[in-house]
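Asker: Based on the provided sequences and hints, a complete structural model is requested.
Just so you know, the sequences run in chain order A and Y. So that you can map any letter, position 228 of the first sequence is 228 in this note's numbering, and since no number is skipped, the others follow by simple counting. So that you can map any letter, position 29 of the second sequence is 29 in this note's numbering, and since no number is skipped, the others follow by simple counting.
These are computed hints drawn from the structure, not numbers from a lab. Just so you know, not all the hints are guaranteed correct.
When chains are identical, the list treats them as one kind, so a pair holds in a single copy or across two.
[What the hints assert, rightly or not] In silico BS3-like pairs for lysine-lysine, Cα to Cα no more than 25 Å straight-line:
1) Lys9 with Lys36
2) Lys285 with Lys151
3) Lys21 with Lys109
4) Lys9 with Lys21
5) Lys285 with Lys50
6) Lys250 with Lys202
7) Lys250 with Lys36
Number of protein chains: 2
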Amino acid sequence: MPSLSQDLKNAMADAASETEKMMAFLLPEAGIAERKLFDAMRYGSLNGGKRLRPFLLTCSAYLFGVNDRSALRAASAVEFVHCYSLIHDDLPAMDNSDLRRGYPTVHKKFDDATAILAGDALLTYAFEILSNPETHEDPNVRCSLVTALAKASGANGMVGGQMLDLIAETTSLDIGAITRLQRMKTGELIAVSCEMGAILGKASPPQRNALRAYAHDLGLAFQIIDDLLDAEGNEAKTGKPVQRDEKAGKATFVSILGAERARAQANLLSDQAARHLGVFEGRAKHLEQVARFVVEREF
Amino acid sequence: MPSLSQDLKNAMADAASETEKMMAFLLPEAGIAERKLFDAMRYGSLNGGKRLRPFLLTCSAYLFGVNDRSALRAASAVEFVHCYSLIHDDLPAMDNSDLRRGYPTVHKKFDDATAILAGDALLTYAFEILSNPETHEDPNVRCSLVTALAKASGANGMVGGQMLDLIAETTSLDIGAITRLQRMKTGELIAVSCEMGAILGKASPPQRNALRAYAHDLGLAFQIIDDLLDAEGNEAKTGKPVQRDEKAGKATFVSILGAERARAQANLLSDQAARHLGVFEGRAKHLEQVARFVVEREF
Numbered sequence: 001m002p003s004l005s006q007d008l009k010n011a012m013a014d015a016a017s018e019t020e021k022m023m024a025f026l027l028p029e030a031g032i033a034e035r036k037l038f039d040a041m042r043y044g045s046l047n048g049g050k051r052l053r054p055f056l057l058t059c060s061a062y063l064f065g066v067n068d069r070s071a072l073r074a075a076s077a078v079e080f081v082h083c084y085s086l087i088h089d090d091l092p093a094m095d096n097s098d099l100r101r102g103y104p105t106v107h108k109k110f111d112d113a114t115a116i117l118a119g120d121a122l123l124t125y126a127f128e129i130l131s132n133p134e135t136h137e138d139p140n141v142r143c144s145l146v147t148a149l150a151k152a153s154g155a156n157g158m159v160g161g162q163m164l165d166l167i168a169e170t171t172s173l174d175i176g177a178i179t180r181l182q183r184m185k186t187g188e189l190i191a192v193s194c195e196m197g198a199i200l201g202k203a204s205p206p207q208r209n210a211l212r213a214y215a216h217d218l219g220l221a222f223q224i225i226d227d228l229l230d231a232e233g234n235e236a237k238t239g240k241p242v243q244r245d246e247k248a249g250k251a252t253f254v255s256i257l258g259a260e261r262a263r264a265q266a267n268l269l270s271d272q273a274a275r276h277l278g279v280f281e282g283r284a285k286h287l288e289q290v291a292r293f294v295v296e297r298e299f
Numbered sequence: 001m002p003s004l005s006q007d008l009k010n011a012m013a014d015a016a017s018e019t020e021k022m023m024a025f026l027l028p029e030a031g032i033a034e035r036k037l038f039d040a041m042r043y044g045s046l047n048g049g050k051r052l053r054p055f056l057l058t059c060s061a062y063l064f065g066v067n068d069r070s071a072l073r074a075a076s077a078v079e080f081v082h083c084y085s086l087i088h089d090d091l092p093a094m095d096n097s098d099l100r101r102g103y104p105t106v107h108k109k110f111d112d113a114t115a116i117l118a119g120d121a122l123l124t125y126a127f128e129i130l131s132n133p134e135t136h137e138d139p140n141v142r143c144s145l146v147t148a149l150a151k152a153s154g155a156n157g158m159v160g161g162q163m164l165d166l167i168a169e170t171t172s173l174d175i176g177a178i179t180r181l182q183r184m185k186t187g188e189l190i191a192v193s194c195e196m197g198a199i200l201g202k203a204s205p206p207q208r209n210a211l212r213a214y215a216h217d218l219g220l221a222f223q224i225i226d227d228l229l230d231a232e233g234n235e236a237k238t239g240k241p242v243q244r245d246e247k248a249g250k251a252t253f254v255s256i257l258g259a260e261r262a263r264a265q266a267n268l269l270s271d272q273a274a275r276h277l278g279v280f281e282g283r284a285k286h287l288e289q290v291a292r293f294v295v296e297r298e299f
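Answerer: Next comes the structure, spelled out in structure tokens:
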């Protein structure tokens, strides 16, 4: 397998940096009594994550000539939702994680109540950003963005997946149930990142479907590699505790398929994802490279 | 003071019943693995609350001839946000309440993790409902609803107020700071309930401003009475533990002003609220009665 091209690394770093600038702009510091809340919102989101979802969103948007500001505002909204989910997921009542990307999690740095509220506020803010005319001049586009993000992150999407994940700790799941769990827990938000780029760009239905299919396969490949990194990985590289699933006795792609078949499956999904981009006739180079990246990454 | 008219009681009961029907319709039961999440969402929201915010929203909407379905969908969205905030507020990391409206709180009935996720899902669902064309055919109206609700319930509104409330447990606040805290914590969501009725009805700016001013005074009167009920009230009537603020050493309108001046202030605000409705030339009868209701209620 060829290694990741320098070109993709640069593009991802650029998109991450541009998205973080927009996120920091959208989250002004507060010189007020409740500034602890704003500090926790910033701490939990401006933390140098990979910004995979913003990268997918901006790459998709640029396929249709969407302007920077629109793409980055929508990318920030998706990333705020991703960050809120990590803040709540790390709470003692949920995964009880002390470490995230090598730093104390929000509830360790602040306290549990502040972490709950910071998550709530980031989620709420995402919808305020999307409904603002600064994000797109067409109110139909803004409403479609709100609908798509809410569906992907709500009870039938990400939050439902987190519920299934909790249930998985005490119930044994088969490969079909795990696939559904992962599609909901991480796949839907990854898929909607690509879809929101298509919505911003008023893409044709075949283009939008191609991006959805791409993102669906990508999301599953991403999660299989996550499981592999948890099973084999090293804490210094991933920046979070490893072998948590095995310790919790939780079924994963790796525990059911074994490491070798899991990796083969991830590679298959990665190739399949890239093929869905054929409809863009070579113009979706970065998205093709991302499909490779998610199976090659070590963090 | 005249007692509450039967007419208002009937109107509030009708609106509560219609809103609950819409809420139940919008929250279908799930026959799936993660049904615990849906059960918790239903348990935490279909619980016979007063539905004050839906009543304010529908009364405001009907002033402008808005149809039932639009008004009730928006009313359900506001009430889901109110319910999510109660679920998170009751958590051990926050107020640690075991009882709400006479029943075990969501985290007592289910568990902490499920309560966190059910709150997250209700908040997210509120925005999905508002952005859906079923709520209003004009996408500008739908976007305005999303913006208004997100602002009222986010870091500069309800969630910010909850943060201030936590800070108030360890910091002594003056009457100005308490007024700001209460305006954010409960006032903004009450105000936006009236405002969303105006948005649905494409009200003129003077009408919209009148409703905002009304709701602002109403919200403050409502909170002062809440403090009085907590200080003097009886657990059987309020359905929740009382004298919590005093036990926590928290400054309230009552602890600073004393019960008598606090009640006088609430009555003053109630009268002032009713006067803002003059612009509707007697057509806002129910809203006028609500201004009286909030200071007369015993629960």
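Asker: Does each hint fit the structure? Answer for all of them.
Answerer: Verification of the supplied hints:
no.	hint	in the structure
1	Lys9 with Lys36	neither (35 Å within a copy, 42 Å between copies)
2	Lys285 with Lys151	neither (28 Å within a copy, 38 Å between copies)
3	Lys21 with Lys109	within (23 Å within a copy, 43 Å between copies)
4	Lys9 with Lys21	within (18 Å within a copy, 52 Å between copies)
5	Lys285 with Lys50	within (19 Å within a copy, 56 Å between copies)
6	Lys250 with Lys202	neither (41 Å within a copy, 52 Å between copies)
7	Lys250 with Lys36	between (35 Å within a copy, 19 Å between copies)
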